[in-house]
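Visitor: Heads up: the sequence lines are chains A and B, in that order.
Numbering-wise, the first sequence is residues 9 to 123 according to my numbering.
Numbering-wise, the second sequence is residues 185 to 295 according to my numbering.
Be aware that one or more of the hints could be misleading.
Stated by the list, open to error - Taking lysine to aspartate or glutamate and the EDC-like style, the derived pairs with C-alpha atoms no more than 20 Å apart in a straight line are:
#1 A:K65 to B:D187
#2 A:K11 to A:E111
#3 B:K220 to A:D46
#4 A:K26 to A:E70
#5 B:K282 to A:D59
#6 B:K220 to A:E111
#7 B:K282 to A:E38
#8 B:K220 to A:E116
#9 A:K11 to B:E222
#10 B:K282 to A:E70
#11 B:K292 to B:E189
#12 A:K11 to A:D59
#13 A:K78 to A:D36
#14 B:K220 to B:E198
#15 B:K292 to B:D267
#16 B:K282 to A:D67
#17 B:K282 to A:D46
#18 B:K282 to A:E64
#19 B:K240 to A:E111
#20 B:K282 to A:E111
#21 A:K63 to A:E30
#22 A:K79 to A:D36
#23 A:K79 to A:E30
Claimed, not checked - Okay, the calculated bits of chain B under chain A, using three or more residues with CB under 8 Å as the criterion:
#24 222 to 229
#25 283 to 294
Said to hold, decoys possible - If you want a taste of the chain A side facing chain B, the calculated C-beta under 10 Å gives, among others:
#26 V12
#27 R17
#28 F56
#29 L98
#30 C99
#31 S102
#32 G110
#33 F114
#34 G117
#35 R119
Keep in mind the hints are simulated off the structure, nothing from the lab.
It should be emphasised that the depicted structure is a prediction, and the values quoted were computed from it without experimental measurement.
Beta carbons are placed, not taken as given, at the ideal position from N, Cα and C, and that holds for glycine.
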Amino acid sequence: DVKVTQSSRYLVKRTGEKVFLECVQDMDHENMFWYRQDPGLGLRLIYFSYDVKMKEKGDIPEGYSVSREKKERFSLILESASTNQTSMYLCASSLRGLGESGELFFGEGSRLTVL
Amino acid sequence: GEDVEQSLFLSVREGDSSVINCTYTDSSSTYLYWYKQEPGAGLQLLTYIFSNMDMKQDQRLTVLLNKKDKHLSLRIADTQTGDSAIYFCAENRSGTYKYIFGTGTRLKVLA
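Extracted from the complex, chain A is given alone in its bound form:
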């Protein structure tokens, strides 16, 4: 069974703390993504990575950074958490080549609350 695993389902942090959200996939996918989900706004792309050590900014990268040292792992880092980063964070991966539909496989999400 293919799997995208997010290490923390629920986190509560204080303003100014550094936060790490970890994501691991076991499907040997090249592409990995971090989205945040907020009610009424759908999913917004923070960063994505198409290969090890490669990353590109999405639509809302401000206040976030990412790390992809190994193909299976993609980490989202909040250097100094703020209350407006309280949200649900979703990691996804995909295999994209000729003929592939580009289906995204999602983790179960990490709900972050910043106090």
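Here the structure of chain A is known, so what remains is to put chain B in place on it, guided by the hints.
Guide: Okay, now just chain B, sitting in the frame of chain A:
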């Protein structure tokens, strides 16, 4: 604009058909998707349609694509309480890794 638009809520009675609508933005999008999110979970792909198709049927699900109007719909026949979830449409911009998601439609199925 950049937005993929969906209505926020839909309520249907068990056994009826549900139709969830979506207006997307880019006529060159290659694939259009419907994802389902159950409470407390991530998104799972329900179905997708390639842009050169008008319709796709998969058991209780029917997807209709109107490229002229950039309109995508998902019909669920014989809706069950287990279909209660949030449904997202998404488009994939040709030649990019970019997926644009709609706001999601919360479907509530009444017994």
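Visitor: Against each hint, give a clear statement of whether it holds in the structure.
Guide: Comparing the hints with the structure gives:
1. A:K65 to B:D187: 18 Å, holds
2. A:K11 to A:E111: Holds - the C-alpha atoms of E111 of chain A and K11 of chain A are around 13 Å apart, at most 20 Å.
3. B:K220 to A:D46: Measuring from Cα to Cα gives roughly 16 Å; hence the hint holds.
4. A:K26 to A:E70: Satisfied, since the Cα-Cα distance of roughly 15 Å is no more than 20 Å.
5. B:K282 to A:D59: Distance of about 15 Å is within 20 Å: holds.
6. B:K220 to A:E111: 13 Å, holds
7. B:K282 to A:E38: With Cα atoms ~14 Å apart, K282 of chain B and E38 of chain A stay inside 20 Å; holds.
8. B:K220 to A:E116: 12 Å, holds
9. A:K11 to B:E222: 17 Å, holds
10. B:K282 to A:E70: Given pair K282 of chain B, E70 of chain A holds - Cα atoms ~18 Å apart, limit 20 Å.
11. B:K292 to B:E189: Roughly 19 Å separates the two Cα atoms, so the pair holds.
12. A:K11 to A:D59: 18 Å, holds
13. A:K78 to A:D36: 11 Å, holds
14. B:K220 to B:E198: Holds - the C-alpha atoms of E198 of chain B and K220 of chain B are around 18 Å apart, at most 20 Å.
15. B:K292 to B:D267: Within the cut-off at roughly 8 Å; holds.
16. B:K282 to A:D67: The hint holds at about 10 Å.
17. B:K282 to A:D46: It holds: about 19 Å lies between the C-alpha atoms, which stays within 20 Å.
18. B:K282 to A:E64: Holds: K282 of chain B and E64 of chain A sit about 11 Å apart, inside 20 Å.
19. B:K240 to A:E111: 16 Å, holds
20. B:K282 to A:E111: With Cα atoms ~12 Å apart, K282 of chain B and E111 of chain A stay inside 20 Å; holds.
21. A:K63 to A:E30: 16 Å, holds
22. A:K79 to A:D36: 7 Å, holds
23. A:K79 to A:E30: The hint holds at about 13 Å.
24. 222 to 229: Since 6 is at least three, the answer is holds.
25. 283 to 294: It holds: at least three residues are needed, and the stretch 283 to 294 of chain B offers 5 whose Cβ sits within less than 8 Å of chain A.
26. V12: 7 Å, holds
27. R17: 8 Å, holds
28. F56: Check passed: Cβ of F56 of chain A comes within 6 Å of chain B, closer than 10 Å.
29. L98: 6 Å, holds
30. C99: 8 Å, holds
31. S102: 8 Å, holds
32. G110: At 5 Å from the nearest chain B Cβ, G110 of chain A passes the 10 Å test, so the hint holds.
33. F114: 3 Å, holds
34. G117: 5 Å, holds
35. R119: Where the cut-off is 10 Å and the nearest Cβ of chain B is about 9 Å from R119 of chain A, the hint holds.
Violation of the numbered hints given earlier is absent; every hint is satisfied by the structure.
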